[in-house]
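Engineer: Note that the protein sequences, when read in sequence, are chains A and B.
Quick note, the first sequence lines up with residues 0 to 683 if you use numbering that gives the first Met the number 0.
Quick note, the second sequence lines up with residues 0 to 603 if you use numbering that gives the first Met the number 0.
Calculated from the structure, these hints are not laboratory results.
Check before you lean on any hint, since a few could be wrong.
Unchecked claim - Taking lysine-lysine pairs in the DSS-like style, the calculated list, with each CA pair at most 30 Å apart, reads:
1. B:K207 x A:K342
2. B:K15 x A:K342
3. B:K169 x B:K408
4. A:K522 x A:K218
5. A:K124 x B:K529
6. A:K399 x B:K169
7. B:K529 x B:K408
8. B:K238 x B:K408
9. A:K342 x B:K238
Each chain, letter by letter, is given below.
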Amino acid sequence: MDGMTRARAGADAGGTFTDFVGLIGGSNELKVGKTLSTPDDPASAIEEAARRAELPIESIELLIYGTTVATNALVERKGAKVGLLATYGFRDLIAIQRVTRPDHFDLHWIKTPALVPRRLRRGVKERVLFDGAVETPLDEADLRNQIQFLLDENVEAISVAYLFSFMNSAHEERTREIIHEMAPNMQVSLSCEVLPKWGEFQRTSTTVIDAHLKPLLNKYLKALDERCHAHGIGSLQIMQSNGGASAALLAAETPARLVKSGPAGGVIAAAHLGKLTGQEHVLIADMGGTSFEAGFMPNCDPCFTTREELEFGVPISLNMIDVRSIGAGGGSIARIDEAGILKVGPQSAGSNPGPACYGQGGAEATITDANVVLGRMVEAFPLGGHLKLKKELSEQVIDKLAEDLGMSRTRVAQGIVEIAVNNMAQAMRLVTIDRGHDPRTATLVPYGGAGPLHACQLAEALQISKVLVPRYPGALSALGALISETRFDYRQTLRMLSSTLDVQRADKVFSDLERKAAEDFEKEGFATAPLLERTIELRYFGQNFELEVPVPPGTVDEKAFEQIVADFHAEHDRLYGYTLPAQAIEFLNLNLAARATHSVIDLPKLAPAQGEAQPIGTADVVLPGGDEPEQIPLYDRETFGAGTVLKGPAIIGQMDTTTLLARNATATVDEWGNMLIELEGATK
Amino acid sequence: MNKSISLKQDTFDTVKTDPFVLEIIRNYLTTTCEEMGTTMMRTSFSPIFNEARDFIVVLFDADVELLAQVDYVPAMLGSARHGVKLALHEVGIENLEPGDVIITNDPYRSNNHIPEHILVKPIFKNDQIVGYAGSIAHMVDVGGTVPAAFGIHENCFQEGMRIAPVKLFKRNEQQDDILKLILANTRTPEFSYGDFMAMVGALGRGEKRIHDLIDRYGLDTYLQACLDMKTVSERLMRKQIAEWPDGVYAVDDCFESDGVTPNRNWQLKSKVVIRGEEVIIDLTGSDEPANGSMAMNYGSSSSAGYEAVFQMADRDIPINEGCYRCITVISPYGSLTNVNYPHATMAGNTEGQPVLIDMLLRGFAQFSEDAPAPDGNCCGLLALGGIDERTNLPFAFLNLEGTGWGGSKYADGNSVQFSKLANCSTQSIEVVETRYPITHVSFEIQPFRGGAGEHRGGFGSKRVMRVYGKELVASSSISRCTMPAPGLNGGSSSSVNVIAFKSPSDADWRLATDKFGTVAPGLFSNAPLKPEDEVMIITGNGAGYGSPFDRDADAVLSDVADELLSVDQAKDEFGVVIENGRVDVSATAALRKEMKSSLEGAVS
């Protein structure tokens, strides 16, 4: 280490900005930097952001990186030309989908095209039955013909998804051997490895997505890894959709795991802050320029889902952080519909032209314009430190709506924000109430550029009394990368009924998964064993959705299953209000999450406040529910110390965001520089 | 004795609720329905309901008028609108108490057909009814002669047990006597019990959310918003209808068979009447009720009418009772589309509605370019039953399929999508094979069989299954097996649906008419199968839109490359000459010219 103090860093490459957060070992200061993203050469943005953060890049020992590159490649369909080998007679599953449509009454919806065109989907003569027995052995001559067909078509990757391969993977594995005999460098994704779980449509879709991303992500991550090494960065890890990091080159082997790499960091950081500051549950509200993401974390642990869809009819069923997105960001457009009703979003003005106040030609009113009209975004704190907002342009576009509605400018601007806040609250209800959680018990953690501005109002709508505004709301995802653990998820379908329970087999499956986890962590360079969490998915026989219940530690025996079943009844009762004690139980998937931390990160602390916080001026702001502007104090967050207490109403500015403190709010700055806001009378 | 509390509308134009609050409450009701739907899917037992989503949930105001719903199966909107109201009035609004749940499934009380169960719960506030939460869901088995219900019958008693409106719960107490009676009359009592509990759980969720909403905004604001929501929707729907040209747009079609009467089809008459701001769907003049279950009750035929209008209307209009105020469906009692007691109606709902909807859309097509050509009009309803030797228990399996949608002015029809009456999903092959003694031989897109056009119809699917077990029977409710639906603006007709069987001893696939001596190829009950017998279902291609000779030659080539169209079909059906994987442009132009002129010659 040449005596140099080694640093650890997190970076997050979003659509517009790359954020960087570094921490020098033993130091007490976060180095925060922000620059425009460079999608074609991601390393440049990292270098530039590190430079702005004033952290020497060669001092970085470990860089953890979150990126939307996989998501973007999928959305824009810029991944590889993929071939699919499926069981003969079943090549069209990803085109047939589930035969549903997103809107029942829409006669003109066009079905999402399959990622692999029909010509490149080939049937292979083989068949495994529901219990893993081979009905038709793999016809290798036929297989070679189909592979040759794909090679002649110049595919760049091949996905293999046979029926019931999660019960018996021999045919898929043999298929890969033969592909590599014929084309040694071909990228191959097997469904039995990507997602060994029943449900042929979701498994095939996920495997195809994996293959689609493989060549691109391999190239991208390899280049980035080399560049990092050239700079003297110790090692590069990538944020995965499950909120854990993985070595870049290992992550490239299953790129379908990287689809939520972007938002994962923010979730991890919010959960961490929740724990650090002693919150009970955390509800995130990530509001950027075009979208809003909501997620609930009971006991400050991130929630996960395996029911994500990339687009309608394109599921990706790997374990991912559970966040719900809606089209509500600062740039969301307000319009009057035919009934004379004001609607906000989901269309967005994006960053170009952006809201009218950007002065780039935006002619429609956005949420940001409404906030400008209401005086909630102040000139003293230009966006990102440089972008000045033109208030008169916001007034023009809001006035246009006001005229059509026959209302005052202020009322319309208030209405736009109210509707936006309500839409966000609806998304938050779906991640809380819909899953059986009460949002009122949670602490709201707002982040992203526009989150803290709406946080108090959002909290009121959900009757939440506590809001935690992170020290750097705009760079929270990068901070999450910085503090993330290494994590892998494993799952195996093992279907059993309570009447046919085979505890030894279940125990063996868990042992096998644990062995696989140990191998993977060894490859990641860990000397010690990872922390393991085992769960099982089960349901009343006949139901179609499972509940996930923890598996007690130790050998999986009869007693462990008794506990599992008791926990299942209790959870069913909690979520749905009843149990069916006489009904048989069906066990489905065995899951293992393995986690390990490289080294524990302590977030730096803020110096204690020197006396009371002093406003840097005043602002004329229309507060929620008000008709007229009021003069309220304006603060610079950089002047706060630990222990600073502020009473609302107030506006608090900083480089990456603005916080609106409501009239009934009191903010207390904690030792890490977070603001904990208490809202009086919010909870009914 | 209690009273429902609702406000009465004074004038049509008054909307008193603050527009922002109105939008918030409307969104809240919609998400509440979604939440109730999620609860049902998560906890229910029958695959047709948790995998296939054959259910709806609905919120009503105190006048039992629709406020919001989830749209999985709008085919049930008629039952929701008429059946729920009838059930509540039969029990007596004055007899309702908090925590009551009313159940009915009676097709003669405007429920669409017998497996669909209506459950409805009054929502009270301060001892007054402020609304209702309702759920309508398809239970896989209801007793009767056919496992999984979908068979051909001659009266409603053969179809299963009818439940007149009664209280399944009284003041939150489950009524064990009623429940035992119901469960004793199904082949799968455990599943049905789980399904009822899932529905009741969803209703409780809806009730809770309405209480929360009223606590937040106050009862007066809530009641006013209920009223105003309907007014806004009515205003929008009237505006939409006013944009359609006044006129009478008549279309005739038929049900090709009723499954029991040899050599006869059943005539349907329809008129879409646009008159100012109102639309009337008039089915007067259709035949008398069919003898077999290919016949519809009013819940079912009115659903088809509503759906056709909603599909043609602006998608931004929130659907609630206000929309229905300007739509009237006329279907005389004692006719094919409103059968009199005790006719059977099982197949008429699910296979009749697609025919009726597309018939009405052809009426709309007479003045609107937005109506697509008909789809394959098939839901692939095959019911398999018997004893599963792995468990020695009876099983009842219901298969569902997507079909090819018709081409439109704008695009080709989607391939393999659920017919317009509903938005159900197919079931996972791996789930089906694990649960039932069934092995799939194949499930693929069926290459071209018809529906050529400038925008061709979408492709249907082909599924082949092999069955195992004892006492195996197959029943089918698949129509349009002999008479396809016509194309639009010169497009070709759809292709017919196929269901066929093959025993190991059979040389080739055989239709049920041949193998089992049934009256119709796709409408029959309890055909006996043996282990290892195979059944094949091919759903139709949608009908085409516009002349196939105007189709982009590259689009034709693309279908050939996708192995969905042969080179010969490209030539014969579309007039496109393909040589060595390329379009021969000049040969194509010459051929198309010749084909067009011979077509014109044939017409004149």
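Engineer: Against each hint, give a clear statement of whether it holds in the structure.
Structural biologist: How the hints compare with the structure:
Simply put, B:K207 and A:K342 have alpha-carbon atoms about 27 Å apart, close enough for the 30 Å limit, and the pair holds. Note on B:K15 and A:K342: the hinted pairing holds, with a Cα-Cα distance of about 18 Å set against a maximum of 30 Å. Straight-line distance between C-alpha atoms of B:K169 and B:K408 comes to about 54 Å, which puts the hinted pair past the 30 Å bound. Under the criterion of a C-alpha separation no larger than 30 Å, the hint pairing A:K522 with A:K218 is consistent with the structure, at around 20 Å.
Under the criterion of a C-alpha separation no larger than 30 Å, the hint pairing A:K124 with B:K529 is consistent with the structure, at around 26 Å. For a cut-off of 30 Å, the pair hint linking A:K399 to B:K169 is broken: about 55 Å separates their Cα positions. For the hint linking B:K529 to B:K408, the alpha-carbon distance of about 47 Å lies beyond 30 Å, and the restraint is violated. At roughly 24 Å between alpha-carbon atoms, B:K238 and B:K408 fall within 30 Å of each other, so this suggested pair holds.
Note on A:K342 and B:K238: the hinted pairing holds, with a Cα-Cα distance of about 19 Å set against a maximum of 30 Å.
In this structure, the earlier hints numbered 3, 6 and 7 are contradicted, and the remaining ones agree with it.
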